[in-house]
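A.B. asks: Based on the hints, put chain B in the right spot on chain A.
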Amino acid sequence: MADRPVRTLLSPWTLRSAKGRAGYWLVFALVFVLFTVAFVIPLLWMLLGAMKSAPELARTPPTLLPDRLDLGAYENAWNFMDLAKYFRNTVIIAVGAWLVQLAVQVPAAYALSKLRPVLGKGVLALMLVTLMLPASALLVPTYLAITDVPVVNVNLINSPAAIWLPAAANAFNIYLLKRFFDQIPTDLLDAARIDGAGSMTVLVRIVLPLSRPILAVVSIFSIVAAWKDFIWPLLVLQNPEVQTLSVALQRFEQDTPVNLMLAGLVLASVPMVAAFLVFQRQILAGLSAGGLKG
Amino acid sequence: MNAPSGSLTAPKGTGTKPGHRHAPNWAESTRTSHRRKIRGGGRANLTAYGFLCAALVCFALFSWYPIVRGVLLSFQQVNFVTDPVWVGWQNFQTLFADPLFLTAWRNTLLFTGLALVIGFAIPFAVAIVLNELRHAKAYFRMVVYLPVMLPPVVVAILWKWFYDPGPGLFNSLLRSVGLPPLSWLNSTDTSMLSLVLVATWASMGSATLIYLAALSTIPGELYEAAELDGANLWQRLRHVTIPQIRFVLLIMMLMQVIATMQVFTEPYVMTGGGPEDSTVTVLLLLYRYAFTYNDFGTASALSLLLFLLLGVFSAIYLRLTRTRDDL
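Residue numbers (the numbering used here), protein chains in the order written: chain A, 1 to 294; chain B, 1001 to 1327.
These are calculated hints, taken from the structure and not from any lab test. Note that the coordinates shown come from a computational prediction; the quantities given were computed from them, not determined experimentally. The beta-carbon is built from N, C-alpha and C at its ideal position, and this holds for glycine as well. Heads up, none of these hints are tricks.
Far from chain A, by Cβ distances over 10 Å, these chain B residues were calculated: (1) F1101; (2) G1113; (3) P1275.
Simulated restraints on C-beta separations: (4) A:L30 to B:L1116: 22 to 30 Å; (5) B:L1318 to A:K19: 46 to 54 Å; (6) B:L1193 to A:I41: 15 to 23 Å; (7) A:W78 to B:R1246: 48 to 56 Å.
A few chain B residues that face chain A, going by a derived Cβ cut-off under 8 Å, partial list only: (8) L1052; (9) A1055; (10) F1062; (11) I1067; (12) G1070; (13) H1135; (14) V1153; (15) V1154; (16) L1169; (17) L1237; (18) I1258; (19) A1290; (20) S1300; (21) A1315.
Next up, chain A with everything else stripped away, as it sits in the complex (with noise of 0.2 Å):
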C-alpha cells in the first residue's frame, strides 16, 4: 500500500464536492459502524459474557457489559477444564510442529535450489503434486500410516511425532522457501565456497541470515496452523491427557456452563490474537504469498 493518495475507483473530484464529502462520510460512518457490530462486538461479548452468570447472559434484551467485572470466571475456568495442562499440550504440539518443520523443509529447499542434484526437479514435482490434494483425501491413509508408520512399525497416536512429522511432509513450505532462495545470487555462495565454506556453512552463514522474512513467514503461519488445527489433532490424540486446547474445549462443549466455556473460548484465543497484533506485517505479507502463490 502507499503511502500517498492513489487514485482509485472514486475520482478525486467527486469527493471534492460538498455532496461528495457528505456521501463519503456516510459510507464511512457505515462501514464503521457494520464492522465494529460485526466483528469487535461479537469478541468483546464474548470477553465480557465470561463474567456474566447464567440468567444474566440469557436476558432479553441482551447486555454487552457484565453486571460486575470480575475475573474470577477466567480463574474458575482455568481450573474447572485444567486448561493449564490443555495450554502446555497446545505449546509443545505448536512449537514442535515449527521447529521441525523448519529442521526438514529449510535444508529441502536449500537443496532443491541452491545445490541442485540429479532428478532434484522430479523430486521437487513429486512434493508439488501433493499441493493438488485436499487434505481431507489423505485423511483415512494418513491416520492408518500414523496407527502403523510403514518400516519401523510404531504406533505414533497420541504422540505428538503424529502431528509434527505430517506437518513436515508441506509442500508448498518448501515451495516458498525455495522460490526465496532461487532469487539469492549464486555468486555470493560460490564466493562462500572458494573460501572453503561447506555446504552447511553456506546454509547457516548466507542464505538464512538473507532470508530472514521468508523465515518470519513459514515460521508464523506453521505454528498458527498448528494452534488452529482441529481435524486432525482430534484424530490421532485421542488421549484426554495430551489432547489440545482445540480438541479439549470442543469436548468439554456439553457439559461445561456458557459462561466458563466462553472464558475458556477466549483464553484458548489469546495467544493468537496477540500473535496477530504483534506480527501483523508478517502476517498479511504472508498472506498474499498463501493465496497467490504466483
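C.D. replies: Leaving out everything else, chain B in the frame of chain A:
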C-alpha cells in the same frame, strides 16, 4: 501475475537490513549459473540428498505412501486383524446404497454454493468499499482479520451459542426489537445457511485483504482514462476494476470451492450433521465411516471420489498459479 509474489519475496519494511531488499533484483542475472561446472558430481549429489533426506522420509511416510495406500484401500476391506481383502467395487457399492451418500453430496454442494454467493461476493464488495476509504484503514484491516486468527473450534462454539434458539444472543436481539425468533441451526431450512454465515464471518478477512492488495496494484491512470472517456462509476468498476483483478478473483473462487467442499469443523462441532441430516457433509460422512463404523475401505472410497472431484479444481489452480521456471 508476478505482483503478489513480489510482496512475499520482498515484504516491505519487515525490519530487515536495507540490503536484503535487493535480493529479488539480483535474481534474473544469476539464475542460470555455471555452478555445476565448479563442483563435482557424485559427492555434491550425496551432500544434496543429505539435506533432502529428512523431507524425503516425511513425504514418503506421510504423503506419498498414504496416497498410494488410499487408492488401494478404496478396493479393500480392512479390519487390522487379518490381511486386507480385495473386494473390488464393493466399497463403492456400499456408498451408493447409503442414502446419506447423496444427502451428503447435496448438502456439501449447497454449502459450497451458498458460500460462493455469500462468502465470495461479500469480501469482494467489502474490499471495493474499503479501498475507497481514506480513514481508519488500519482499523478496518485489523478488525476484519481478527476472526481469521481465532481457532475454528472457538468460532464454532461461540456461534453455536449465538444461534441457540432459547437464550442465544441472536434470538435475544430479535426478541428485544419485537421480531419473532428464528430457529437457526435447529431447522432444516436454515441450518446450512447458518453454517455458511459462520464460515464466512470467520474466513472473509483473508479474502478481503487479498482483494485489497490486488486492488492497490491497479494503475490509477486506467481510472483516469476511463473517466475521460465518460465512464461512470459502475462502468469503471465493470470495465477497469474487475478485468484488472480477474485473475485474483478466479484464484480465490477456486480456492474457496476447494476449501468449502471439505467443510468439517463447523458441522461437526455445531450440529453433528443434524437436524435430520441436513448438515451431514461429505467429510462428516467420511469421518463417520472411518471412525464411527471403522470401515476404512468405504471411507477411502469416499475420499477417492472427493479427490477426483477436487483434483480437477486443484489442477486448474496449480496450473494457473505456477510459473514456468518453478520446476
